[in-house]
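Protein chains in written order, with our numbering: chain A, 6 to 475; chain B, 6 to 475.
Careful: at least some of the hints might be erroneous.
All copies of an identical chain are treated as equivalent in the list; a pair is satisfied when it fits inside any one copy or across any two copies.
Simulated pairs of lysine-lysine, DSS-like, Cα-Cα distance not exceeding 30 angstroms [said to hold, decoys possible]:
| id | residue 1 | residue 2 |
| --- | --- | --- |
| 1 | K439 | K218 |
| 2 | K393 | K473 |
| 3 | K63 | K234 |
| 4 | K394 | K234 |
| 5 | K218 | K334 |
| 6 | K136 | K262 |
| 7 | K475 | K234 |
| 8 | K389 | K16 |
Just so you know, the hints here were simulated from the structure itself, not pulled from any lab data.
Below are the chains, spelled out letter by letter.
Protein chains: 2
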Amino acid sequence: MTLEEFRKAGKEVIDWIADYYEKIGEFPVMSQDAPGEVRSKLPPHPPVEGEPFADVMKDVEDIIIPGITHWQSPNFFGFFPANASGPAILGDLLSSGLGVNGMLWATSPACTEVETHMMDWLVEMLDLPEKFLSTSDGGGVICDTASSATLCALLAGRERATNYESNKSGVRNELTVYTSNQAHSSVEKAVKIAGLGKDNLRLIEVDETFAMKSDALSAAIEEDLENGKKPAFVCATSGTTSSTAFDPLTQIGKICKENNIWLHVDAAMTGTAALCPEFRWVHEGSELADSYCFNPHKWMLTNFDCDAFFVADRKALLSTLSILPEYLKNIASKSDAVIDYRDWQIPLGRRFRALKLWFVIRHYGVQGLQAHVRKGVELAQLFKSFVKKDDRFEIAAPAPLNLVCFRAIADDEINEALLTRLNSSGEMYLTHTKLNDRYTLRLCVGSALTEQSHVETAWEQIAETLEKVK
Amino acid sequence: MTLEEFRKAGKEVIDWIADYYEKIGEFPVMSQDAPGEVRSKLPPHPPVEGEPFADVMKDVEDIIIPGITHWQSPNFFGFFPANASGPAILGDLLSSGLGVNGMLWATSPACTEVETHMMDWLVEMLDLPEKFLSTSDGGGVICDTASSATLCALLAGRERATNYESNKSGVRNELTVYTSNQAHSSVEKAVKIAGLGKDNLRLIEVDETFAMKSDALSAAIEEDLENGKKPAFVCATSGTTSSTAFDPLTQIGKICKENNIWLHVDAAMTGTAALCPEFRWVHEGSELADSYCFNPHKWMLTNFDCDAFFVADRKALLSTLSILPEYLKNIASKSDAVIDYRDWQIPLGRRFRALKLWFVIRHYGVQGLQAHVRKGVELAQLFKSFVKKDDRFEIAAPAPLNLVCFRAIADDEINEALLTRLNSSGEMYLTHTKLNDRYTLRLCVGSALTEQSHVETAWEQIAETLEKVK
């Protein structure tokens, strides 16, 4: 592709994206495609000769768009927000254009140093403990997802619990891990990957707000100690995926300190709320954590992927993840004056993801990002008030922020039918969970484009649709 | 950012990228920044209010560019190529614009189905074994890097070696892993992450071409069996990072079959060569492999990150990586008619990375991609001929493709000084390795912009610089 062709095609893609956002509310939010429908429109064999760019873009319209579930739609209320934004898209575009690999400081100093700087800015913006600053013994790094951050935290905890020997002769059957029965599935996945065994994962029971019971955690640890196990790692959640429940970090943190257990805090979605002083209670107690992560790619207007992962003591993390083959040695690394982020993550290579974060923070400023969070919370609270006023529905969990769990006062089958019908309509997209073993609908607000009118319309449609599925 | 602002700023970024490529040959290839220099130019605190986009782009020029090591420069011959291209950049841009999360088929069917289709196209384009097709018991998936693919393969191998019990009660000390002493550091990293222990990793010796000795592999396996170990996993390399050595896949594959050991083939850089029939020997024997990976993001004009990872039997992979919390359940997944790629990888979330691959394959066609590979090989072979003709230098390893390992016939110190001086000049960028414990320079060709003149100039400068450091 010549540079002239790139200029022309690139501007067409930019306009295509802007056009897409102009009409995004018109698409069915959930793709209406059946399994195999996209593939059936693609030629079975790759082209031998190159094709014109216009043909590719035409297929984007005809084949890709019908197969898209529109996460950026103002009527997307599923799972969690996956914010895209203009500055993030352009920061990522610039990263693609530069095409550098930031595996080592030396392979592009700016890629590493902007990342370190952004991680320090985030500590300040969220008022996180100073021990997560790069100027302390800890520091932050961008991971792809909270799943990967949790795995890295677990590996660091495993390393510390085995006197930095876990790498050497392999793990045994004695290390135990604790999280609430409402925690994200990534904790179980990490336990399996790290070879600790699911049998050594304790799912601690929760209270009526779906938060981990700290006395149950204590009891489980004691029982394991009595049985010769070695409690190694606790993952507490600040805002569960299922219902935004908040584990009591201060109490859990004390238990961990007493038992020398690594405490990781997963604040994937709700961490962003701490941009606003009035929501900083979300990480109360995090000063007792050994590691912490949240996802700017969820609710902070920064395109996926961008998880911010902080450790209080980078030694354990580096001890388990660092490698140094000859072909990666270089003068800067030897000098110890630089960070090589390849030692902070699972993969070796890395994109320049800090660019989009830098673009976002500078474009919106802290105030602009705070306004985005406040809008999401206000709209979710408005929705909660609608549910509360309607005696055909009930609120299923405390909803302090931007996620409302609710259900029709009816059988699970009715609620499931309600969800299926709403999503099939294409007018909106919700997802579900189970709370106290009952089918529960989730409405999560946080898309950049969602306004009051969308939430009002959503509620009207939910109430109307209930009558049709009863 | 309003859509009008986005259109304007987006076109400026497109032009900025095109301008960057117009002058890319003028920058010092390796950043001349000292540690801390980038950060010293960034404000210590994040902005409270948003800033104009023009200010951000000005800082990109003033702060970021000097801190960049220009991987896309025609004079970049370090590590391995990290190809960017116009269609890949635009495919990634479109992916950012759509902002979908493809963790499940249902969360954007096109994201999953285009990926499956591209993986099948790649099997055809590279003439890989049919068992890697999605229509077989196996299939392909896009990972971020070969490091992650190797980890996933190891986890699948671990699972199979323990009768699908490794997830349950944790791994023990009996599983052993084999790779050559020239293999990528990611194998050791994966062994550590998976909790198998470095002590259970056997680094098999190599022959004079730096390829794994299959009789040494056999001997190591036998010894482990005698000692009560359970050989579980072999990682063979098709084109080592250090010197493009090729392990004998057919012989290794037979040994693995006899012992029921999972064989993974890491063809990170050189897999792309198989686009050309004359280079398909690179994966001769891969029909005996259980899994295989190569990186279109290295030499196939597809921006990082894009590793293509194939398994012959997806059951072991899914068995070790699948999770199914209530909040991810959906009708399509239950139907078994779809692929949910979250179960094929470490993270949960995923970008629409297949778009860039689709754009690249369609824009260039198979012929265009073949031409790119052939150019890289021709230029590297030209460079090799220069080295061979000069009796001050020697070739340090067979160089069948696009990487030439060479050294001045002199002490390690002279060679290291030569490399340091060349890189400091900013005129070119090379990296090094050690072969037979001797410091060795590596010149790897594969940047989209590298032409014969760049390789000729590089050689002239290398020869001249040697006289200055002697």
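### Message
For K63 and K234, with the copy left unspecified, which applies at a CA distance of at most 30 angstroms: within, between, both, or neither?
### Response
Neither, since 60 angstroms and 57 angstroms both go past 30 angstroms.
### Task
With 30 angstroms as the alpha-carbon cut-off, assign the pair K136 and K262 to within, between, both or neither.
Cα proximity of K136 and K262: one copy only (16 angstroms, versus 51 angstroms across).
### Within, between, both or neither, where K218 and K334 count as close if Cα-Cα is 30 angstroms or less
Cα proximity of K218 and K334: across copies only (27 angstroms, versus 48 angstroms in one copy).
### Query
How would you label the pair K389, K16 (within, between, both, or neither) given a Cα cut-off of 30 angstroms?
Neither, since 42 angstroms and 41 angstroms both go past 30 angstroms.
### Query
Should K439 paired with K218 be assigned to within, between, both, or neither, using CA atoms and 30 angstroms as the limit?
within (19 angstroms within a copy, 55 angstroms between copies)
#### Entry: Status of K234 relative to K475 across identical chains (alpha carbons, at most 30 angstroms)
Classified as neither; 51 angstroms inside a copy, 61 angstroms across copies.
### Message
My question is about K393 and K473: at a cut-off of 30 angstroms on alpha-carbon distance, are they close within one copy, between copies, both, or neither?
### Response
within (21 angstroms within a copy, 81 angstroms between copies)
### Task
State whether the alpha carbon distance between K394 and K234 is at most 30 angstroms within one copy, between copies, both, or neither.
Result: close neither inside a copy nor across copies, 50 angstroms intra and 66 angstroms inter.
Violation of the numbered hints given earlier is confined to hints 3, 4, 7 and 8; the remaining hints are satisfied by the structure.
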